[in-house]
Amino acid sequence: MIRDDLAAAVAAAVGRLGGDPAVPVQLERPARREHGDWSTNVALVSAKAVGRPPRDLAAELVADLAAAPPAHVDRVEIAGPGFVNFHLAPTWLHDVLRTVVTEGPEGYARPDLGGGRRVNVEFVSANPTGPLHAGGGRWAAYGDALVNLLNRCGYRADREYYLNDRGVQMGLFGASLAARKAGTDLPEGGYQGVYLEEWAAEMPDDVDPVEWGYARVRQDLRETLDAVGVHFDTWFSERSLLDSGAIDATLAELAARGVTYVADGATWLRSTDFGDDKDRVLVKSDGEYTYLCPDIAYHRDKFARGYDQVIDVWGADHHGYVARLVAGVEALGRRREDVEVILGQLVTLKRDGEEVRLSKRAGTMVTLAEVVDEVGVDAARLTFLLQSLDTRQTVDLAVISSKAMENPVFYVQYAHARICSLARTAAEAGVIRRPLADVDLRVLVEERELDVLRVLAELPDTVVGACTERAPHRVTTWVRELAGAFHGFYHDCRVLGEGVTDEVTQARLWLVESARIGLGIGLDLLGVSAPEQM
RNA sequence: GCCCCCGUAGCUCAGCGGAUAGAGCGGCGGACUUCUAAUCCGACGGUCGCAGGUUCGAUUCCUGCCGGGGGCGCCA
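Per this note's numbering: the first sequence = residues 1 to 534.
Treat the hints loosely; a few may be bogus.
Unchecked claim - The calculated lysine to aspartate or glutamate pairs, modelled on EDC-like cross-linking and capped at a C-alpha distance of 20 Å, are: (1) Lys284 / Asp338; (2) Lys181 / Asp158; (3) Lys48 / Glu34; (4) Lys181 / Glu223.
Stated by the list, open to error - Restraint-style ranges between C-beta atoms, simulated for each label pair: (5) Arg98 / Ser529: 25 to 33 Å; (6) Glu188 / Glu223: 27 to 35 Å; (7) Gly465 / Glu354: 34 to 42 Å; (8) His491 / Gly189: 57 to 65 Å; (9) Ala263 / Gly520: 54 to 62 Å; (10) Gln219 / Glu503: 54 to 62 Å.
In case anyone wonders, no lab produced these hints; they're calculated from the structure. Heads up, the beta-carbon is just placed ideally off N, CA and C, and yes, glycines get one too.
Generate coordinates for the entire structure from the input sequences, incorporating the hints supplied.
Have a look at this one:
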């Protein structure tokens, strides 16, 4: 890669000039075109240590580099307070094209960050007491894309859904179902959703409402998540922890480690020893487990299944729960960095500008299934992956369902469809793309052409950043940029037809192919389809 | 009171310590006899909430304040 070549050249020059070779050389793409194609700040960074003005250092660097410029380098300049800017010949972008095509959809932008480490990503995990509401789509799309990113970056990541299938809520759910069926009053705090009426009507007379309802919910969850294209590797049942004795085994292990104690008839975890602000009850004085207790057993189980790292994706409303869960994991002897909790801000739903309160119990809900049904998987997923998880997202149902331009999914998919259409037209016209090695890419000199390649060049960095920062939305941003660059190219540069020389047609066909590969990689990471026509 | 997230163009949001802060949408003005106009181009639009600090350099990091959202149970 060009950056590594430039960095190596700069490091060597720094060494020859008596600078500190330990200072890492940073190469970045300047925001402004006149600042060149690549820029380094070594002179700024090491000026103090060397005790000389940064511009003097930069001048020496430039002189040294000019003696034997690295490949593709046209000229090297000093700018501003002491930046060293590299202006490259377009050939560096032609190399990008070759790399993209040669490495292909499988190989390009596939950095090995994970080294095969196994990661368990748990997400959605809504209580099995009703359908997923529309806001849950954010967790579904996010978790799924995050796993895609991890897997692309050399981890072995799995998707997991935790079913809280025991406890108070389940009982309440079953009782609500039974009451609906019998036409009696709902229990105190019961579930009022319309879906309960439908399900009660389906429910046979001679069944346990909790069990029947639980099965019904799982079916619904599975169908909905299938419809959003999210397929979990594991559906983990909280009950199974009780049945297998894992909860008691966990309590025994914690006791053996001396991190629990009994007070006021309850069993407590010394979570303050692990960074929590107060100790937490694991077993209540009435003998029941708290929510935390099986949850610690659950995380112990994940590690027992061979995962090196565990990631939980939760809504920000669970913020107060993080410290005790992490404390619990640490109390079991794991390193605290082995468990990572990602908190996302909740989704506010609006319909025609008016907020729709989402409450499963109150029953005023818009289901995820309805939204997907209305707008389609692709629009739904891309919408949820448009913004950082730290931003509270407002989704106006009227907007995403209007198939209008407000929704960027069409913009991006249209670019892909155009690419495929171009390939079809070429085939119909009998234009055969020659092997890349036989094509002269140096005819690609138009800014529109080079812009496409500039964006493609950034994909590897984007993937790394999106993965390490747990920020799939960066891929969304990138995909929109590539689509924009492609549309501009498409508008200004003809690939086929009279007035275009054979050389240019050939080179542009490969340019289009590289864009197809890049767009495909990005959309695949997001779980959004890349249509061949629209 | 303590903890977390947010505050950037009219709206929704990008922005990985760098140079003159970007995109989409809306509004305004343009471009289709040619590979898909679901596209493209132009102009307009900003005290990056406020005040300090660190730094050669801060929208970005730190502290305080203001505003919005969420959380602080032997609930789940």
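TODO: Could you work out which earlier hints the structure fails to respect and list their numbers in ascending sequence?
DONE: Violated: hints 1, 2, 3 and 4.
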